[in-house]
Amino acid sequence: MPKMVVDGRIVSNTEISVNVKELVLYAPEIAAQAVPGQFLHVRVANSYHPLLRRPLSISSADNIAGTVRTIYRVVGQGTACLAALSSKDSVNCMGPLGNGFAIHGQRPLLVGGGMGLAPLMFLAGALCPRPIEIVMGGRTKEEMFWKDMFHVMCNTIHVTTDDGTLGSRGVTLDVLPDLLKNGAFDMIYTCGPRVMMEGIVKLAKEYDIPCQVSLEDYMACGIGGCLSCTCAGNDGSRKKVCTEGPVFWAQEVMP
Amino acid sequence: MPKMVVDGRIVSNTEISVNVKELVLYAPEIAAQAVPGQFLHVRVANSYHPLLRRPLSISSADNIAGTVRTIYRVVGQGTACLAALSSKDSVNCMGPLGNGFAIHGQRPLLVGGGMGLAPLMFLAGALCPRPIEIVMGGRTKEEMFWKDMFHVMCNTIHVTTDDGTLGSRGVTLDVLPDLLKNGAFDMIYTCGPRVMMEGIVKLAKEYDIPCQVSLEDYMACGIGGCLSCTCAGNDGSRKKVCTEGPVFWAQEVMP
Amino acid sequence: MSVEDGKSNQQEMLSVTIAGIKMKTPVMTASGTFGFGLEYKDFVDLNKIGAVVVKGTTLLPRSGNKGRRIAETPAGMLNSIGLENPGVDEFLATILPRLGEYDVPIIVNISGNTVEEYGELAARLNVAGVAGVELNISCPNVKEGGIAFGTNCASASSVVRQVKNNTNLPVIVKLSPNVTDIVAMAQAVEEAGADAISLINTLLGMSIDIHKWRPVLGNVVGGLSGPAVKPIAVRMVWQVAQAVQVPIIGMGGIVTAEDAIEFMLAGASAVAVGTANFINPCAVQSVADGIKDYVRQSGLSHVKELVGKVNI
Amino acid sequence: MSVEDGKSNQQEMLSVTIAGIKMKTPVMTASGTFGFGLEYKDFVDLNKIGAVVVKGTTLLPRSGNKGRRIAETPAGMLNSIGLENPGVDEFLATILPRLGEYDVPIIVNISGNTVEEYGELAARLNVAGVAGVELNISCPNVKEGGIAFGTNCASASSVVRQVKNNTNLPVIVKLSPNVTDIVAMAQAVEEAGADAISLINTLLGMSIDIHKWRPVLGNVVGGLSGPAVKPIAVRMVWQVAQAVQVPIIGMGGIVTAEDAIEFMLAGASAVAVGTANFINPCAVQSVADGIKDYVRQSGLSHVKELVGKVNI
Ligand SMILES: Cc1cc2nc3c(=O)[nH]c(=O)nc-3n(C[C@H](O)[C@H](O)[C@H](O)COP(=O)(O)OP(=O)(O)OC[C@H]3O[C@@H](n4cnc5c(N)ncnc54)[C@H](O)[C@@H]3O)c2cc1C
Ligand SMILES: Cc1cc2nc3c(=O)[nH]c(=O)nc-3n(C[C@H](O)[C@H](O)[C@H](O)COP(=O)(O)OP(=O)(O)OC[C@H]3O[C@@H](n4cnc5c(N)ncnc54)[C@H](O)[C@@H]3O)c2cc1C
Ligand SMILES: Cc1cc2nc3c(=O)[nH]c(=O)nc-3n(C[C@H](O)[C@H](O)[C@H](O)COP(=O)(O)O)c2cc1C
Ligand SMILES: Cc1cc2nc3c(=O)[nH]c(=O)nc-3n(C[C@H](O)[C@H](O)[C@H](O)COP(=O)(O)O)c2cc1C
Ligand code: FES
Ligand code: FES
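Heads up: the sequence lines are chains A, B, C and D, in that order.
Here the first sequence is numbered in our numbering, starting from 1 and rising by one per residue.
Here the second sequence is numbered in our numbering, starting from 1 and rising by one per residue.
Here the third sequence is numbered in our numbering, starting from 1 and rising by one per residue.
Here the fourth sequence is numbered in our numbering, starting from 1 and rising by one per residue.
Hints in this document: simulated from the structure, not taken from any laboratory.
Heads up, a few of these hints could be off.
Said to hold, decoys possible - Simulated restraints, written as ranges between beta carbons of each label pair:
no.	chain 1	residue 1	chain 2	residue 2	range
1	C	His211	B	Cys231	22 to 32 Å
2	C	Ser63	D	Gly129	56 to 66 Å
3	C	Asp289	B	Gly233	33 to 43 Å
4	A	Glu15	D	Asp42	53 to 63 Å
5	D	Lys66	C	Ala243	22 to 32 Å
6	D	Lys66	A	Thr140	27 to 37 Å
7	A	Asp7	B	Glu206	55 to 65 Å
8	D	Leu60	C	Ser63	56 to 66 Å
9	B	Asp162	D	Ile312	30 to 40 Å
10	D	Lys22	C	Glu258	24 to 34 Å
Unchecked claim - Below are the EDC-like pairs computed for lysine to aspartate or glutamate, each with C-alpha atoms no more than 16 Å apart in a straight line:
no.	chain 1	residue 1	chain 2	residue 2
11	A	Lys202	A	Asp178
12	B	Lys239	B	Asp208
13	D	Lys309	C	Asp209
14	C	Lys212	D	Glu258
15	C	Lys309	D	Asp209
Backbone N, C-alpha and C fix where the C-beta goes; we use that ideal spot for every residue, glycine too.
From just these sequences and the hints, can you work out the full model?
Laid out in structure tokens, this is it:
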């Protein structure tokens, strides 16, 4: 599957929560190819400052409309540049990059924390009509706009917030033991903060459920050329998050 | 007269000829102070690239509306950034900078070449209702949009174009000897390419008419702090174009 | 606590003493980018800034380099002003008295062609109203056959020694970044008696006009400054801070308070704002204000608690 | 003239031979920014570019530096990859054969801890399919007590001599810009037998996270590249071009054809695109296309008519 670089016309770039925006790009070549777990590498400004592209997960792709969607949090200079663009602009994108999730298993459990839910959304769409159970965590109610977005695709949604303003107070990890004890999951997919994923991988091992993790790292090229994103593989080799990931089997890269 | 730095709201930024735009800024503090010959030092983008400000002459100031106007040619990165702005944006400006023209003389002759006509426009307004004669030169007809702009303020307009598409074919210098022979000018004001101004100064000397020239130079600070813009004065001293100019008496700085 | 007390505490929060020079804030102006200070008085309250470091001054007046003197580069600029200045006597006679109206330390940046010239300059500037001298040792050295003082430990030392013998004022030595081993240079000048070290001067660069096939600058090469050089400057400050005891004045691409804090964490006791004065004429003040906010928000009681605190 | 002829003329216009290596265009890839070339094959026709300079290769595999490896800076970036690579044997066994499918010169960038290691690397790479070696002499040298080979004329010379004794391939020497006197370094490696000189490697820099009070990079310091460094690189190319006979490969911040032309006018016979590959994955090709347009529009018949033509 060839990677591409295209100027995607912005269909919309709307705020969906505090400091979170949803960007829809018309990029039919990418939309036609993208699979869940892959990402775009976005030139947020035609400028030397910011200089580098920004990796953003594909949250869905509409092959008929020719659009791809990303959901991003405005955290720094690059995402602020992106947030300033509007529907008359276009934005240069490389994609679809990286390896996606393996769509195995009949009883998937998805666990996402914060913006880690972005790639899981595309995944949930692809897993339909399998019965999907998802655990989503965030700091506070405002971060859980995800709930409505996953609603149609998932059978059961468990929400945790750090402050208890929505769902149960605590973190995703807190609700997991009970779920795993009672459920009959045959695949766990997870994306979120490193510590969260490490905890989940430990539990998955305990319950002997195969687990796929989606990693993040600082990236320059996005296509395996610079080695800025490599992580230690359990086989002693280095793994490039951009091309060998961002989705890995837990046993490849997690302790 | 204190210098200021303000965020000027863009009232309009319209194309008035090929690659030439007219920018009207709401900047009442500057509008109230500005005199002909002074300039703005404009931060064309809130970016490090381009890094430096761009000096642009004030082409008019409306004290009642609180606006200042500049007319600029898009020649490189900085002016291209400026050209991309629209009326919802604002632009950070230092001004009014530099020394203006001395409004002496009852029979002024103005000679401007190309974008050198920009500061002369503000001057013409200030010289009214004195009878003003102006010689304006440019490469071709399209560059002579100035004619209509000066029309109401000037008694007589002489136009020269390099290709003869408007007015007489040639350069401003060609029509000057006749004008000086017949006219009774008591002041010459000139702004334009260096060679043009040198020729005019030579003629002014010949006819013993006082002459003011407006110089251009590459500027970093615009306020006398960096010495990037200094030129050799005839008294052996260095003159800062940004603060001691841009308007000089010819005998101060010209051969 | 009254409002007055609050205010004065806030001011105390930023005050520093560098090489015996008391400053209200750790934010100075970088030589050559702020004229003699007076040029900026409409934009900055000179009574409120750390120190004014004036334009490089020489024994005799200099008219500087011919032709175009600045060029813009990505996130930076090249300059080849060539030390245009009215000479030290004119400075003392007409400029210094006008600066006397302001309550701000005046530091004079000096450049000589020979070791003796540096000494002579320092001697003449050993007067009331001058708070210190900053030796610019990156200019061509005639006696040594064109090798800059700033790239040779031995000649840098002799300049410093000569100056120290000729003045009671604090002596700040400004190092050139165009060297293999900035630490060796810093140690050499410290050893020779420098009271503080300024880091960094400009990096030697060049731009070519591809339409004219000519250098953009009249002087062919020039000094690179601005945000582009910041990572190099921060690195040098950090390296030197490990190796010397004297305070470091950090500079090179500081535009915002965040930039200044980076230098302080790396080991700078004070900072100077250069090229940023051209972008924002109020930069010296806004950098200081931003540092104050940061210090307060970080729950610190004084800016000096930042110095050298980068955790390796 | 048929369309075919026109095409071939246009291609001839750009062909250059550097140190005996025939290239279709003067635009190469900079080591470490283009993987082994294969990573870019969806974006660039490898058969049409000047040369692929592969990632820095060492005798044994290396896993590179820990922690964060890149940081963005104004118009530039810092990297501290730390020479992660699979080792020369793996390169020869599995990567080089795949590169053999393409009609493009492969230049292998090598790094050793000792003079002997450089020699050994060169010997192992003296095989068909490798067009030349590029010596990266800016990495820490264990034997010499941490001083980089690239900052000392004598050790640079001995590396070059050792490599020349161990290979028949053209030897390109890549110099570090972190030196006081780049000309002396260039002359030393030319004298020792270098067939071409690459200029410049990255400048040592540092960024600090002001919220965490920690260096941004896991390795504390890193190499600065990108548009920010271009003026320094152009200056060094120009200085070295006055002083050596061997061809220079210019690099440092080249993003556009205009940038590349600036380097060629300064004296580079070829150029390499580095950081720009991250911004525009087609950069190598678009720079070459832009040079071709420029050459044609300038009424020149060959790109080499630009080399060193800056008019001082
Ligand atoms: C494969 C992948 C997919 C991602 N998908 C999403 C997504 O769908 N939605 C979303 O909101 N965010 C996502 N991120 C994180 C996103 O890339 C960063 O938030 C973004 O790059 C921040 O840029 P900035 O300029 O605003 O922040 P700054 O902090 O100013 O960025 C400075 C530099 O650090 C890099 N950087 C900062 N944070 C991260 C990070 N968390 N991961 C990688 N690089 C970072 C930037 O790219 C830039 O080079 C993803 C990251 C990766 C690696
Ligand atoms: C006092 C003064 C008044 C001016 N008034 C006007 C005006 O009213 N209308 C107008 O169209 N132009 C005017 N100019 C010229 C205008 O400043 C330049 O055209 C503009 O700076 C070009 O910027 P750029 O980034 O588009 O071009 P670039 O060529 O990309 O600029 C590169 C650098 O060179 C500088 N530069 C380029 N050309 C000039 C120039 N001619 N003079 C000074 N600096 C230059 C830029 O400021 C910038 O720092 C004036 C210049 C001065 C000094
Ligand atoms: C236009 C200009 C003139 C300068 N003149 C001097 C000088 O006279 N003496 C000196 O020591 N440094 C001089 N410098 C260097 C600055 O003081 C400062 O060290 C350097 O620019 C790095 O800081 P910056 O990036 O904040 O500008 C000059 C810099 C610029 C841009
Ligand atoms: C991520 C990265 C990795 C690099 N790795 C190497 C390397 O292995 N060997 C080497 O000689 N240079 C290496 N370099 C330096 C580049 O080849 C080049 O000399 C430098 O980046 C300047 O060019 P640029 O500004 O176009 O990137 C690396 C640069 C970057 C940005
Ligand atoms: S981002 Fe360049 S190798 Fe992964
Ligand atoms: S532009 Fe700085 S002194 Fe004139």
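To see whether the hints hold, each was checked on the structure:
1. C:His211 <-> B:Cys231: 22 to 32 Å: holds (24 Å)
2. C:Ser63 <-> D:Gly129: 56 to 66 Å: holds (60 Å)
3. C:Asp289 <-> B:Gly233: 33 to 43 Å: holds (39 Å)
4. A:Glu15 <-> D:Asp42: 53 to 63 Å: violated (34 Å)
5. D:Lys66 <-> C:Ala243: 22 to 32 Å: holds (25 Å)
6. D:Lys66 <-> A:Thr140: 27 to 37 Å: holds (34 Å)
7. A:Asp7 <-> B:Glu206: 55 to 65 Å: holds (59 Å)
8. D:Leu60 <-> C:Ser63: 56 to 66 Å: holds (60 Å)
9. B:Asp162 <-> D:Ile312: 30 to 40 Å: holds (32 Å)
10. D:Lys22 <-> C:Glu258: 24 to 34 Å: violated (50 Å)
11. A:Lys202 <-> A:Asp178: Holds, because 15 Å separates the two Cα atoms, which is no more than 16 Å.
12. B:Lys239 <-> B:Asp208: violated (24 Å)
13. D:Lys309 <-> C:Asp209: Since the Cα atoms of Lys309 of chain D and Asp209 of chain C sit roughly 11 Å apart, the hinted pair holds (cutoff 16 Å).
14. C:Lys212 <-> D:Glu258: holds (13 Å)
15. C:Lys309 <-> D:Asp209: At roughly 11 Å apart (the allowed maximum being 16 Å), Asp209 of chain D and Lys309 of chain C satisfy the hint.
Hint compliance for this structure: hints 4, 10 and 12 are not met, and every other hint is.
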